[in-house]
Each structure stands twice: as C-alpha cells, then as structure tokens.
Amino acid sequence: MSNTPLIAVVDDDEAVRDALLSLLQVEGLRAIGYPSAGGFLIDFATKTFSCLITDVRMPRMGGLDLQCCLISMGSSIPVIFVTSAEDEATLAQATAAGAAGFFNKPLATAEFLQCLRGVLGLEDG
Amino acid sequence: MLAPACEEVSAADPCGHEIQRHDGACWAFDISEARDLIEAASSGDRPQGWSKALLARLRVVEANANAVHLFGSYAGRERMLGQSILEFWPIEGWHVLPGLIVGAVTGQPRSRARKLRVKSLVLKDPVLTAWMSDDPALAQTLFLAIFAEPVDERSFWALRASQERYNNLIHHLPFAFLEVDSRAQADIFEDLRRKGLKDVGAYLDTNPADIQRSCQIVRITDVNKSAVELFGARHVSELVGPVDPLFAASPESARRVMINHFEGSRSYSEVMKLRTLDGRLLDVSMSVIYPTRPEQLDITLIMLEDITERLRTEAQLRQLQSDYTRAARISMLGELASSIAHEVNQPLSAIRTYAETSLRWLSREEPNLQKVTQLTARISDNALHAGEIVHRIRGMTTRQVPRSASLDLNEVVDEALHFVRHEIETRSIDLSVRLGRELPPIWGDRVQLQQVVVNLLLNAVQAIHSGSESSGSIELTTDLDERGAVTLNIRDDGPGVAEGDLDRVFQSFFTTKDEGMGIGLAICQSIIAAHGGAIGASNWPGGGARFWFSLPAHR
Chain A
4 MSNTPLIAVV DDDEAVRDAL LSLLQVEGLR AIGYPSAGGF LIDFATKTFS
54 CLITDVRMPR MGGLDLQCCL ISMGSSIPVI FVTSAEDEAT LAQATAAGAA
104 GFFNKPLATA EFLQCLRGVL GLEDG
Chain B
-15 MLAPACEEVS AADPCGHEIQ RHDGACWAFD ISEARDLIEA ASSGDRPQGW
35 SKALLARLRV VEANANAVHL FGSYAGRERM LGQSILEFWP IEGWHVLPGL
85 IVGAVTGQPR SRARKLRVKS LVLKDPVLTA WMSDDPALAQ TLFLAIFAEP
135 VDERSFWALR ASQERYNNLI HHLPFAFLEV DSRAQADIFE DLRRKGLKDV
185 GAYLDTNPAD IQRSCQIVRI TDVNKSAVEL FGARHVSELV GPVDPLFAAS
235 PESARRVMIN HFEGSRSYSE VMKLRTLDGR LLDVSMSVIY PTRPEQLDIT
285 LIMLEDITER LRTEAQLRQL QSDYTRAARI SMLGELASSI AHEVNQPLSA
335 IRTYAETSLR WLSREEPNLQ KVTQLTARIS DNALHAGEIV HRIRGMTTRQ
385 VPRSASLDLN EVVDEALHFV RHEIETRSID LSVRLGRELP PIWGDRVQLQ
435 QVVVNLLLNA VQAIHSGSES SGSIELTTDL DERGAVTLNI RDDGPGVAEG
485 DLDRVFQSFF TTKDEGMGIG LAICQSIIAA HGGAIGASNW PGGGARFWFS
535 LPAHR
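First to last, the sequence lines map onto chains A and B.
Number 128 marks the last residue of the first sequence (this note's numbering); no jumps.
Number 539 marks the last residue of the second sequence (this note's numbering); no jumps.
Simulated from the structure, these hints should not be mistaken for laboratory data.
Please note that a few of the clues may not be correct.
[Unchecked claim] Chain A side only, calculated, beta carbon under 7 Å to chain B, not exhaustive:
1. D16
2. A22
3. P62
4. S87
Built from N, CA and C at the ideal position, the CB exists for glycine as well.
Full structure from sequences and hints, please.
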C-alpha cells in the first residue's frame, strides 16, 4: 500500500470535502481531507502527498496563498484547484504558478478524474 | 340663578302665566284624556297597569325654560309639546307620579299643591309638586313642577343652560357628535350590579340578546350637522332613534361600549367600521363619553371621526415604506450575490459528486449498496441544506407585509450570519460572536431585523476592506442594557467613521463608498425606529467603528 499515492483534499466546506473523499475512495485512491490550509501544512511536514486538491476561497489562507506557500517551501507537489465560480484572474494566477488543473464546482467528474490520473501517472480507467 | 325665560308670556295666556311663575322645572298637562282613569283610581279602581296608562294619556301643553333644560335639552320645547310624559320622564320616576297626580286632580281645595320628596340622580333633594289651578279656564290643566336645591355655586338650572350653550357649540363643531340617552341602559346595569354581577363581558357572552336589546333602548336623541353629513343622512330626524344603526357594521363595538359603560369608564375610544345610511362603509374613530354619576350630565356623547382616508393614506405609506425597505434589501443581497451563489453552489456541488460516486459504486461487478445508501442519505441532506438557503433568500426578497412577532434577537443574528459568513471568511476577517444569554424576547418583523444585522455586518466588512491590506476583525455582541433593552453591538477595526460624518451616516444617500447607494444605514434607522428602538454609531478610541441598536424587550 505504501506506494499507493496519497492525496490531500483541502476544502472548508464539509460536504464538498466529504463528497470528494468518497469519490476518491470509489476510485481506489487514498486521500486525507483537511478543513483548512493550516491543518494540511502541519501534516505536510511529515507525510508525502502525491497531489493536492484545494478550494480557492477559504478563511484565513486561501488556495492561491497555499500554492504560493508550497512553492516558496520548495515543494513541487501538483495542485488541482476545485472552486465555485472564480474569475479569469484567479485562473490565470493559478495557471501561472503551475496549477495542474482548475475545475469549477459542481465538478465534471470524468474530466477531473482523468486530470488526477494524469497527475498521478496512473493508467486511465 | 335662573335661566332666562325663553320668551315673553302674554297675560292672555293663563297657562303660560302660571308655569312661568315658578322657579323650578314646570309643566302643564292636559288631563282630559286621563280624567276617567284618575277618577276611577281615586275611588279605588286601580287595575294592573293603570298608572302607566294614566301617564300615557297626559299631554304636555306647556313647559317652562327649566323644564326644557331638565328633560328636553336634546329635543327642545317643540319636541316636548303634545307628548306624553312617558316620553321624557325617567322610568325611575314613574311610580311616584300617578298617586301625586290623582291627589292633585281630585283633592280639595284644588289649588292646594301636593308635594313629594323624591330621590333623583340628577338633582339634589328635589321636591315634586302637582296642583290644579282655580282658574276655570284651566279646569283640564294639571301643573307639575320640580323644585330642587342648588347643587353647587351655580344652580342646576344654570348648569343646564350652560349645557345648552355647549350643545350649540357642539352643533357647530367639525366633528360628528351624537347625543345618546342611555339612561334606560344605566338602570338595567344598576339592577345587574345590585344583583352582584361583576363580569359584564361574560354576562353578555351568555346573553347576546341583551346587546341587541340595548341597541334598541339606548336612543340617539340628537346629532349635529357633521354627523348628518357623516351618515349621509338628509335630516337629523333620520338618525334620532335607537342607536343600533351606529353599530350595524361592527356589533362587537356595541359590546365593548356596554362593558365600558358598566365598568364606570368615563370614556372609551376605538376604531370601527361604520355603515352609513347611504350604504358606504367607513373607518371611523369613535369616542364615547359616558355620563358619570353623581355629576349632573345625563347624556352619553359619542364623537365620530371619519378616518377612512387617513387609514388609506397610512396603508399606502406603509406599503411604500415596505417596498422601499425591500428594494434596499434586494440591493443589499446584490452586494452579496457572489457569496450567495457560492453558498448555494456548495451543496449542489457535493450532491453532484455524491451522485457520481454512487453510480460508480453501483456499476461495480458487485455493487456496494451499503455505500450507495450512505451517499444517498448525504445527497438528501445537502439538497435539504440548499433548499434552506434558497428559502432564506426568498424570505428576504419576496414582497410581504411586515409581520410582527415575538423574536429572539440571537436567532435573528444567527440567521443573518448565514448571509455574510462566507463574505467574512473569504476576506479572512476574524469574526467573534458573543450572544447574551437568556435575553428577553423582542417584538418585530424577523426579515427586517435580519436586514439590519446583515447591513451592519456588511458595512463593517466593507469598512475593513477599504481600510488596509491586513485582515481585520469584527466583534458582534448581544446583551441586555442597563435600562432593560436588548442591544446589539458590531465593532470593527477598520478606519472608523470620519468625525464629521458620524451625524450623517444614517441619512439617506450618504455614502463614502463608490458602489453603494447610501440607503442601507438609512433603512436600518427607519426599521429600528419603526420597532421603537434606537440606533447609533461611534468610533473607538483605539480605531474602528462601533454600530449599535437597541430594541425594547417584549414581555
């Protein structure tokens, strides 16, 4: 199991986070959910994550700030943004900082999973 | 001491001459119709009802000014002439008259007066006197007089005369006045009271026919010009009579007027519906002024004011205010549009992902029904949650008449926070909420008070946003102030309000923001004022603004 990739899901909305975790579970993927960027960063020091799925707008530290923070820490963890109705500027900023994916809510499940598998280097299906 | 005589009396009128000689209230009656009854009674033939029959046959042929003042002030002398004594003599005095009259008519010498001390509610120690004149021309004329002690420095008669002047005044007032004779009702009440009745409301509930009967026996005796116009009548006489047309459109009002009469109120007022004689339905403000014993006035006065137009204007004004408040609410929600969209999108998004996940569990070779059941339950929960959000927004936007109810301010705050929480969180503003425990309820419209709280919070968010790059903090507290009012305080650490603007922040169209219309705080003030509360703004010494309002506790 140890070489099965571990995914982090950061979203302050409990239902959205729980739904994402259940989707990853049915796809046979290991994931841990965090209600805030801070909670994730604490675990980030001790765990190895293969991918970060995060919301953009969250209290205290948002997704873009979290991405910047990870980059400044020298991490190259792929970041997939899942967000509701964000503007072009946010998309541009995330992409410029090297986002691996950018999805609006409600999530287009198939495209999202395809992107995630690509990031994780897994075969499709 | 004496009221002036109404007119000069010619010496050729012996009857007029006789009654004008007396200080008291004096009448002359034609007894020709009653003579046989009087003589029969004199010889001991007194069948049942003889006394009332006797009184009914006496016709007034003359009355002096004081007699008119005493009993005829509603109708005047002309109304009294030709009438039976029963028409104006109080019922309580009926039993003393027949014996006195028989004695005077059949006694010898004829000119000797028969006197009787009677108890009266309107006169002090009155003496009733009956006599026949020696003048052969007056053989069919009985004289009856009431003499009474002056009750205060002004005599009773002078009081009556001043009342007449007062009646003249009333006739020319621009309000509708009805003079009502409720003595018959007062007697019934007196009787009930003597029998120990305390709760007249309960009594009338079990004897509703008594209300109808009262509306018949209580009579309108005179009305002024304004009342004639108000009722759409052509002449005073159309209104003189039983009082029941007054209450045709609101029988419950008659009941309340009676209860207040019984309980000895001096006056009673209410707004009621009035059906006019020409069929219009009006809203009128009715004030009843009861005769109060032991004072002399024995007339119930009813004043009516047509407030139909005023109520209509007020209703229109209320509608306008409510529309304006709603417009401000929608404008406020507009500022929160992206937050609200986010709020609704979250549960929808979760539902979509749960559903997709369920399908994936189902499409496995061995479907995991346990998982599907679990996810379906979460779908249901989230749909419910989304529905609640929509319901809250609809509550803020639908056009509805403000509805007052007993409210818990803390609940109002909780609901208001739903609208702004996301706005506050995504701007990384620290919100601390401290709700006072066991606050008394307040009385008001839930939606409007939510609007005030949302508005003040949004104001704080925008103040912080405009201030600096650093994230700010908002502190919301509810409490009970030292005067027992329920208060809400919202404090932010933004730049505060410029000192010169503190007095103006609640004015309409005052704004320091580019996008705002400046109606938010003005609406807050009008809502709080309409709830009988107070609202204010101040700056903290350490920076930042404090907005507060207080509402009276509703117990």
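To see whether the hints hold, each was checked on the structure:
1. D16: holds, 5 Å
2. A22: Since chain B brings a Cβ to about 4 Å from A22/A, closer than 7 Å, the hint holds.
3. P62: Because about 4 Å separates P62/A from the closest Cβ in chain B, which is inside the 7 Å limit, the hint holds.
4. S87: holds, 4 Å
Checked against the numbered hints above, the structure violates none of them.
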